[in-house]
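Novice: Numbering (this note's numbering), first residue to last: 95 to 389.
Hint data in this document are derived by calculation from the structure and do not stem from the laboratory. Bear in mind that the values here come from a model prediction, so they are computed numbers and not experimental data. A hint or two may mislead.
Listed below are the simulated BS3-like cross-link pairs for lysine-lysine, each with C-alpha atoms no more than 27 Å apart in a straight line [unchecked claim]: (1) K259 - K229; (2) K306 - K259; (3) K351 - K306.
Per label pair, the in silico range of CB-to-CB distance [said to hold, decoys possible]: (4) A340 - P254: 35 to 41 Å; (5) E201 - T258: 31 to 37 Å; (6) A217 - G179: 18 to 24 Å; (7) A340 - V299: 18 to 24 Å; (8) A316 - V271: 34 to 40 Å; (9) C298 - A328: 28 to 34 Å; (10) T258 - R337: 33 to 39 Å; (11) P315 - V271: 49 to 55 Å; (12) A345 - E201: 50 to 56 Å; (13) C298 - E263: 46 to 52 Å; (14) I356 - D305: 56 to 62 Å; (15) G199 - G375: 25 to 31 Å; (16) E263 - D374: 22 to 28 Å; (17) E207 - E381: 39 to 45 Å.
Just so it is clear, CB atoms sit at the ideal spot from N, CA and C, and this is done for glycine as well.
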Amino acid sequence: MNTTTVNAAYTAPILDWYEANARDLPWRAPDATPWGVLVSEIMLQQTPVSRVLPVWDAWMSRWPTPAELAAEPSGEAVRAWGRLGYPRRALRLHESARAITERHGGEVPSSHEELLALPGIGAYTAAAVASFAFKQRHAVLDTNVRRVLARLLSGDEYPPKSQTKAEVELAESLLPVDPATAARWAVAVMELGALVCTARTPRCVDCPVLDKCTWQRNGRPAYDGPPRRGQTYAGTDRQCRGRILAVLRDAEGPVAKPALDIVWSDAPQRERALDALIADGLVDPLEDGRYALPQ
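Turn these sequences into a full structure, and let the hints guide you.
Specialist: Now the structure itself:
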């Protein structure tokens, strides 16, 4: 049996499952623009679809093209980001919008290399946009895909903490030859990981490749690697930063320091968080002692 036949044993059932079960998401619509796909990929990093949808809709209504975002101050991108978390992503999107406008005439480039050269665009995002927006053939390895492949082919409950060369090679070996089919496979296996082969409570009974799953065949052995610690939020610098930014987002103009001080009682932690926001370019300290979103 040749490699293509072996791979089809995995890819064909997952592609059929996706055809019947894919969520109806606006960045997957036939009329979705490459810019809309790029915005969705940045927003979806470490953030659930349910939280992204309303922000993505509002963002695309306000800035349907990179040029329209690039024409606004970066602080407006931070304001529109709302409570999605990790607001530096808003700055990266604004920087990318300016680069796309200046270097590519306002059109998101289709070349993987040119996508990778945009500010804040890493290997995953470049591959995802090239695949989902331009139907190219790339291995797209997010957390969901890595988990599916670890269970299906390696027999491990979870993938390694950091992406390995072996994972990339495995993902590339499964790519269908036809670029459009490969692009559909990339989103299909991602969707399987998001809806069925989930991290905590996988719905194995609904899996289209259950009979081929190495992890299932081996008795679903428990993960025995380094401890997987969940991220905490309450009481962290990250929560403090979020509260400070919320004050600035909701304000119509610059705010005085007491308006920031009131949101967090631990003064040393509050000052540390404010300093970090300034260092990250998310807050501008003004000469009169007030603070504002960046211009």
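Novice: Each hint needs a verdict: does it hold in this structure or not?
Specialist: The hints, checked one at a time:
Taking the CA atoms of K259 and K229, the gap is near 24 Å; set against the 27 Å cutoff, the hint holds. Under the criterion of a C-alpha separation no larger than 27 Å, the hint pairing K306 with K259 is consistent with the structure, at around 23 Å. Taking the CA atoms of K351 and K306, the gap is near 60 Å; set against the 27 Å cutoff, the hint is violated. Checked against the hint of 35 to 41 Å, the C-beta distance between A340 and P254 comes to roughly 36 Å, which is consistent with it.
For the pair E201 and T258, the beta carbons lie near 35 Å from each other, so the given range of 31 to 37 Å is met. As the Cβ distance of A217 to G179 is approximately 22 Å, the hint placing it in 18 to 24 Å holds. Taken as a hint, the range 18 to 24 Å is violated for the pair A340 and V299, whose Cβ atoms sit roughly 42 Å apart. Here the CB-CB span from A316 to V271 is close to 37 Å, well matched to the stated 34 to 40 Å.
With their beta carbons about 33 Å apart, C298 and A328 fall inside the hinted range of 28 to 34 Å. Checked against the hint of 33 to 39 Å, the C-beta distance between T258 and R337 comes to roughly 38 Å, which is consistent with it. Checked against the hint of 49 to 55 Å, the C-beta distance between P315 and V271 comes to roughly 33 Å, which is inconsistent with it. Range check, A345 to E201: Cβ separation about 35 Å, and the 50 to 56 Å hint is violated.
Distance hint for C298 and E263: a CB-CB separation of about 26 Å, inconsistent with the stated range 46 to 52 Å. As the Cβ distance of I356 to D305 is approximately 59 Å, the hint placing it in 56 to 62 Å holds. Checked against the hint of 25 to 31 Å, the C-beta distance between G199 and G375 comes to roughly 26 Å, which is consistent with it. At about 35 Å, the beta-carbon gap between E263 and D374 misses the expected band of 22 to 28 Å.
As the Cβ distance of E207 to E381 is approximately 42 Å, the hint placing it in 39 to 45 Å holds.
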